[in-house]
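K.L.:
Each chain is listed here by its residues.
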Amino acid sequence: MTPPLDLSRRQFLAAASAAAGAALLAGCAPGSGPGSSAQTLQFWHLLSGGDGVTMSSLLDTVNKAQDAYRIRPTVLAWGTPYYTKLAMAGAGGRAPDVAIMHATRVPGWAPGGLLDNWDLDRLAELGVDESTFPEPIWKKGIVGGLRFSVALDAHPFVLMYNTDICDAAGQLDSDGRLLPASSPEEFLDQLRAVGGASDGHALSYGYLGDGAQMWRLFYGLYAQHGLAIDLPVGGKMGIDKDAAVESLTFMQSLLDGEIAAAQNDYGSAVAEFATGKSGMLMTGVWELRTMQNAGIPFDATMIPTIYGTPAVYADSHSFVLPHQANADERRRELTYQFVADMLKGSFGWAEAGHIPAYLPVTSSPEYADLIPQAHYAEAADHVVYDPEAWFTGSGSNFQGEFGAAVQGVLLSGDDPAAAVDRFERRVNALLAQPNPADPEGTWKP
Amino acid sequence: MTTTASTRAVVTGRKSSTPLRRPGFQRREQLVSWAFLAPFLIAFALFLAWPIVHGIYLSFTDQSLTGAGGGLVGFANYAEALGDPVMWQSMWNTVWFTLLSTVPLVAIALLMAALVDRGLPGQWLWRLSFFMPYLLASTVISQIWVWIFNPQIGAANNILKALGLEPLAWLQNPDTNMLSIVIATIWWTVGFNFLLYLAAMQNIPSQQYEAASLDGASAWRQFWSITLPQLGPATVLILILQILASLKLFDQAYQMLGGVASDTTRSIVQYIYEAGFVNYRFGYSAAISYVFFALIIIVGVAQALVTRRKKEL
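Just so you know, the sequences run in chain order R and L.
Under the working numbering, the first sequence has 207 at position 207, and the numbering climbs by one with no breaks.
Under the working numbering, the second sequence has 580 at position 135, and the numbering climbs by one with no breaks.
Hints were generated in silico from the structure; no laboratory data involved.
Don't take every hint at face value.
Under the rule of at most 30 Å between Cα atoms (straight-line distance), these lysine-lysine pairs were calculated in the DSSO-like manner [unchecked claim]:
no.	chain 1	residue 1	chain 2	residue 2
1	R	K236	R	K444
2	L	K606	R	K85
3	R	K277	L	K693
4	R	K139	R	K344
5	R	K139	R	K444
6	R	K64	R	K344
If you want a taste of the chain L side facing chain R, the calculated C-beta under 10 Å gives, among others [to be verified]:
no.	residue
7	A483
8	G515
9	L517
10	V518
11	A524
12	L527
13	D529
14	V531
15	N595
16	P596
17	G609
18	A614
19	N618
20	S707
21	D708
22	Y729
Cβ coordinates follow ideal geometry from the N, Cα and C atoms, glycine included.
All chains should be modelled from the sequences, with the hints used to inform the complete structure.
P.N.:
As structure tokens, this is what we get:
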């Protein structure tokens, strides 16, 4: 074969390797946009699927609304891989300008200096302060007295119900809303009635192989007892075992094969409800779009308060400032501007099912007309997050450990008390380990 | 295996008996050979030798992925690892998987190779279809088997139901999840062992079978007395490769279980990953990997002893 140019073989090889090297280096260089005065801000997030589509349309909106900055998003896979990459970027001091984190992951990160804190005065100048957030959501972003995250939303674990099936079962009030149940027995009776009107099961709840799903329902029910799990640094887990066992036993009674399928994974449960084969679905609000696209008649509400105290398990997508060794003052300022713009434009985020954290959005008349979102908006006042520790939060090992301990209870009727003991042992082992972000425990805000 | 080793020795074993050449030429020739070796040596030093040395150092520190820590902590990580029940459980899971998977992966491969070699018509079709799954990426086979094992709509439970048996939560039930991973792994990788066996069988001279059948030996007798004894070296090779492959258990188990920590399937490699990349403890993670390294060394030495004794016999 003759090379197209008049090159000796060595020249050809040398040229080829130089070209390959240049291409490699170019791959490492940060992308520079087309020539314009706008600063490009790097923004990392972990939202894909329907959430990802909504997020990119929100970003388009804020990009078009001004010409001081342009947001350049980088989308990474949800969960552990995302947090590993973000942590490494922060550890190297060359992190993106702004990123989304689950609010529950922030307490584990702040002590290691992976995050820079937000300046409350600068936020307040842009109309973002304590008065514009529901109290539990605002408080969640504070670690060691400093603000490390600003919540975009709360995405609680809720109850969706098929209005046709529940109506046929006589479980809707005159406004077409689900009748409230205030005790485990009442809720079970309601579910049995719904089951009678449904082709398949009364309830869809997918949990198999999914520690997060088991934890979401469990911790909501546990918190309804007016309790929280306490994870003191270097201490032992504080858990009320009676309440934990009661909550688990109730979950067992849902999965009897009559009310809900005894063995269901997340995808099958969503499919069951989306095809109208079940009357209710316990799920995160992020499945709202799925159900709207499926075209079934449905509404949504908080998981019924059956143990006295209204409490809804949730997490928040929050804006954080990953640590930059040499933060550029101008870019920082624009980052504050971007976050304020996003919060003010978060009505669009509500369309994906999430409850916007920014109160001026949720108290607007347009939001009141947004059904079914408005029907579970009150959940924002009752949100309960993961107990705080370096190893808890969405996409962490903690929820996986819970799933490993509890799945046998739900799947094959194992003893709930033994499962709680096992979970406690594992958590105590994690508590005995130092926070890897701050192994010497020297961090002071 | 011996053939490959000796061929390599012939190809690369440069004899130093070149007395007629001038010393300058010899030095130049040495430089050239080092230059040819350099690409590999650099990659080897950067990506294998250095990480191994650096990993040993890390295992004596409390280095975190977050950049924090990094101070020397002596043997604290090793002490913690040896007293960590999850570490031991993961180690056992890896060993258990190796035991469960190696035996069928060798036996089934032998059976398939024997059928294809002796009996079945359309040999190329069988060879292709037995080997095909091996070409798939672990992500693909994980997806396939997650669906097959789906408790509601999976093929595995449909078969159980057709047989009048209770459906199982294959991947979620701690009693069956390891077995499910073993089944998927056998389907995925048995083709490679099958191919090695088939090649070894086709190397056996056909005159031996002709002579045996003239003497009136049955097909079974021929398999027992001619085929099996001559597959000895191939079996040793397959066993060594298979044990090493099984000890590396991680990707299919991690993917099929969606990364959920399960005490009955978490392999030691997964625990190393969790310690380092989920809990950000590089130092501890490195310590566990050297405990695992010790296990592999033990297996390797045992294999070397066994194969050497065979040669002596």
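K.L.:
Honestly, which of those hints from before does the structure not fit?
P.N.:
Structure breaks hints 2, 3, 7, 9, 11, 12, 17.
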